[in-house]
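Asks: Got chain V sorted already, so can you dock chain L with the ligands onto it with the hints?
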Amino acid sequence: MKIIVCVKQVPDAKDVRLDPKTNTLSREGVQSIINPYDRHALEEAVRLKEKHGGTVIVLTMGPPQAAEILRESVSCGADEAVLVSDRAFAGADTLATTYTLSQAIRKIGGADLILCGKQAIDGDTAQVGPGLAVRMDIPYVTCVRRIAQVNDKSFVVERLMDDGYDEVEVGLPALFTVVKEINEPRLPSLKGKMKAKKLAITTLTAAEIDADVAQLGLKGSPTWVVRVFAPQLKGERSMIAGTVQEQVDQLAEKLLEWC
Amino acid sequence: MLLIDIDACIGCGLCEANCAFDAIHVVDGIAEVNENCTLCGGCVDVCEAGALKIEGREREEKDGLAAWSGIWVYAECRHGRVAPVTFELLGAGRRLADLKKVPLSAVLLTDQAGDIPALLISYGADQVYVVEDQALADFTDEAYGNALEDLARQYRPEVILAGATAIGRSFIPRVATSLKTGLTADCTQLDIQPEDGALLQTRPAFGGNIMATIACPNTRPQMATVRPLVMKALAADPARTGAVINCRIAPERLQSRVKVRNFVALEGDQVNLNEADIVVSGGRGLEGEKGFALIAELAHLLDGAVAASRAAVDSGWIPYPHQVGQTGKTVSPKVYIACGISGAIQHLVGMQSADTIIAINRDPHAPIFDVATYGVVGDVFEILPKLIEKIKQARTSSI
Ligand SMILES: Cc1cc2nc3c(=O)[nH]c(=O)nc-3n(C[C@H](O)[C@H](O)[C@H](O)COP(=O)(O)OP(=O)(O)OC[C@H]3O[C@@H](n4cnc5c(N)ncnc54)[C@H](O)[C@@H]3O)c2cc1C
Ligand SMILES: Cc1cc2nc3c(=O)[nH]c(=O)nc-3n(C[C@H](O)[C@H](O)[C@H](O)COP(=O)(O)OP(=O)(O)OC[C@H]3O[C@@H](n4cnc5c(N)ncnc54)[C@H](O)[C@@H]3O)c2cc1C
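Respectively, the protein sequence lines represent chains V and L. Heads up, the first sequence is in our numbering, so the first residue is 131 and it goes up one at a time. Heads up, the second sequence is in our numbering, so the first residue is 25 and it goes up one at a time.
Treat the hints loosely; a few may be bogus.
Calculated lysine-lysine pairs in the BS3-like style (CA-CA distance at most 27 Å, straight line) [said to hold, decoys possible]: (1) 325/V / 181/V; (2) 384/V / 353/L; (3) 325/V / 179/V; (4) 179/V / 349/V; (5) 358/L / 384/V; (6) 384/V / 124/L; (7) 283/L / 181/V; (8) 124/L / 283/L; (9) 353/L / 349/V; (10) 283/V / 310/V.
Simulated DEER-style distance windows between Cβ atoms [claimed, not checked]: (11) 335/V / 217/L: 34 to 40 Å; (12) 258/L / 217/V: 47 to 53 Å; (13) 283/V / 277/L: 21 to 27 Å; (14) 195/V / 258/L: 45 to 51 Å.
Please keep in mind that the hints were generated in silico from the structure rather than gathered at the bench. Glycine included, C-beta positions come from ideal geometry on N, C-alpha and C.
So here's chain V without its partners, still in its complex pose (with noise of 0.2 Å):
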């Protein structure tokens, strides 16, 4: 089975925060990390291999230093992996993303299995996986909690929904979103790491991957970003002060009022 798992490259939220002063963002030490959901897509795709064979490629598109995370990949159990990275491809959203991708899958010979995040936690659009689907006229699972069952050609899966979870089967070839809950992320191994060192990286352009410049980057992105702001909180910070009795008095009285 050859596994695709396509990996991004984010920011780490954690720390970046708003500063409630200036209204800003403060970056300070922001790290890049590794995707959190795809950790856990990177995971399954190892442990599929493990247990019916196969290879495992990692593949993000990004600048180049995005090969970092490519390489930690490579330390948690991937086989291979694959850049895709040109000045074109900057300001890209969700429809050019998926181009981008489905062209270099294209490239690379396809898959019999895509696995995604569900998210990326910067984006937070959780649109990537659905589109390359489309892409790449394949059928897909989104919200993936759970591998039930691996069949010769297909694979019973369960999803989550709002309302629990269904269980559905799907053939092959076929793109997963992963959740957190599916499985628990291995560290690096030490062989794994130093399988990392000495990696080659594959490195497409947009003219390696066949690209047609107007469906990539701003260009072929429908969506603008027309502002960006901190988000305006209305609290109306009015306190109850005293003693803590008078304290509990005056909550009870209004608790009572509105229950």
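Replies: For chain L with the ligands alone, coordinates are given in the frame of chain V:
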């Protein structure tokens, strides 16, 4: 590319301070951009000197766009139940349709329409497109996506809204990709741009740390998924009238390569957080399960539901379905009582639309007080037991 007009740049650093991606820095008094730039436009907006511009964005004059008209709401229906977000979207869609003076339509994909079309009309739809077909009994991305895509190609709405639910977030991207148009995820605000009638879609990104307003100027339809419990539904008016349009989709378009075998419902003991009027919520300040027992007791007394911050969930004091915030549930109760919660932005995005917010925290500078209607600076272990006692007393004396 981000273009910097070095003659206009005054080196004030506003761009640097507003960049979420560490991509622009003032070096020797002039802004410089590096390869981290995502072309998000955040700096262009704040630059008071007008020195920044994003190249490559040209509004295309396409005559075809005017042929797309009317506002659509995807009416989500699963296991015979209409998702509440549908009514919220009809409320929001009604306002947009009235501003633009165009009809508001609901689209219902189901195996059994029953009284649902009339219900959708009572909540504000002028017309309802109904596809009733056995192939739609189970939700599948392909059947639902193809049906909505085919209807959109035939009737050409300018806007399609859907709930940012598990279903909406799964199949709406399929429709947008097939139609080669833009889709904005998880919106919390929708406006019409007065100059050209374009839909402005505002959404949190970056784990809720920033808000982005997104437009889709060159393609139609303009599509958005909208976060549940943010928009307000109108009161149902059974006297409202509207048209029901029955549509047929070619059978091969309703086939799916994914087959639903079985559905397992969520375990029953879960309080429905989304529907509770009173929510009592606890954070790391509760220190453990004992603290949560206090929260549960107060919630029980007030006939409310129990919620938690991620810190409390991660500590294992309460299971995940109770988590409120960016990666948990969004709630919009009448009263939200936050106990020992600091008020991180990722928590606030899940609860700040509550009508009244009460915060109890021993740190007077905790950011939770910035969203609170009433704030109490104090120790939860002193306040909660006394509060519970007081309410019990009041209840017994009033009986
Ligand atoms: C503030 C802001 C708001 C935005 N809002 C929108 C919007 O509403 N609509 C829109 O279309 N675009 C939007 N974008 C652009 C969007 O973030 C980018 O297109 C991004 O490349 C992919 O979207 P995502 O981060 O949401 O990924 P998601 O769709 O959330 O990612 C899901 C999965 O897809 C895979 N994946 C995603 N990106 C890559 C990649 N580059 N390489 C390999 N695998 C990947 C990963 O497995 C990931 O877990 C926005 C950008 C910004 C900065
Ligand atoms: C991508 C991302 C997604 C996230 N999603 C979510 C989410 O969905 N929901 C969420 O909640 N968080 C989320 N977080 C985490 C969020 O950033 C915070 O870390 C979290 O909300 C903190 O929880 P807390 O307020 O309970 O804990 P803390 O921040 O540790 O605050 C505890 C508070 O309790 C007070 N306190 C302590 N003892 C007492 C006492 N005895 N009496 C009164 N007050 C006391 C303290 O003063 C403090 O203000 C997310 C983070 C990231 C990066």
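Asks: Output the numbers, in ascending order, of every earlier hint that fails for this structure.
Replies: 4, 6, 8, 9
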